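J.: Sequence:
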Amino acid sequence: MDARRWRPSTEGAFLGRERPIGLYVLETGGCEGCFMEIESLKGSAFALEQAGFVCVSDPADADWLLLTGAVTRVCAEMVDRVWRAMPPGRSLIAVGACAVDGGPFPASYATLGGLQALTPVRRAIPGCPPAPQEILRALQELARV
Numbered sequence: 001m002d003a004r005r006w007r008p009s010t011e012g013a014f015l016g017r018e019r020p021i022g023l024y025v026l027e028t029g030g031c032e033g034c035f036m037e038i039e040s041l042k043g044s045a046f047a048l049e050q051a052g053f054v055c056v057s058d059p060a061d062a063d064w065l066l067l068t069g070a071v072t073r074v075c076a077e078m079v080d081r082v083w084r085a086m087p088p089g090r091s092l093i094a095v096g097a098c099a100v101d102g103g104p105f106p107a108s109y110a111t112l113g114g115l116q117a118l119t120p121v122r123r124a125i126p127g128c129p130p131a132p133q134e135i136l137r138a139l140q141e142l143a144r145v
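With the first letter of the sequence shown counted as 1, position 17 gets the number 17 in the UniProt record's numbering; the numbers rise by one all the way through.
Dumping the calculated DMTMM-like pairs for lysine to aspartate or glutamate here, alpha-carbon to alpha-carbon at most 20 Å:
# : residue 1 : residue 2
1 : LYS42     : GLU141
2 : LYS42     : ASP63
3 : LYS42     : ASP61
4 : LYS42     : GLU32
5 : LYS42     : ASP58
6 : LYS42     : GLU134
It should be emphasised that the hints constitute simulated quantities derived from the structure, not laboratory data.
None of the values given here were measured: they were computed from a predicted structure.
Whenever a hint applies, use it, and build me the whole structure from the sequences.
T.: This is the structure we're talking about:
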């Protein structure tokens, strides 16, 4: 099976960059649907690395933080710790309805809702969950800015 025919175009992916953009993915709470869609980008069908991105396991190596799920009170400190561990020039990207505005988890005793009410977000990718193609397209658009 040739998966290339389903891959989004990666023409001009690096756009003059010397290295791929490092993505650190953080799931803060929810159904993990958005997290699974991001994970699927690592497979052969989407060619994440050919598009100019690489997922990293250490926030110190990340350029962008992709956050999925509603921000729970338990995870808020972890989000802050990860954010401070990232180098200057970092960007915060909310992936999915829960991360964007809390989705079905509005601010309550257990959650703080979505990121847009808490901190500036460089890019919001709506959906429940957004398709991998939509996530990759949004990342590519942001990389061009």
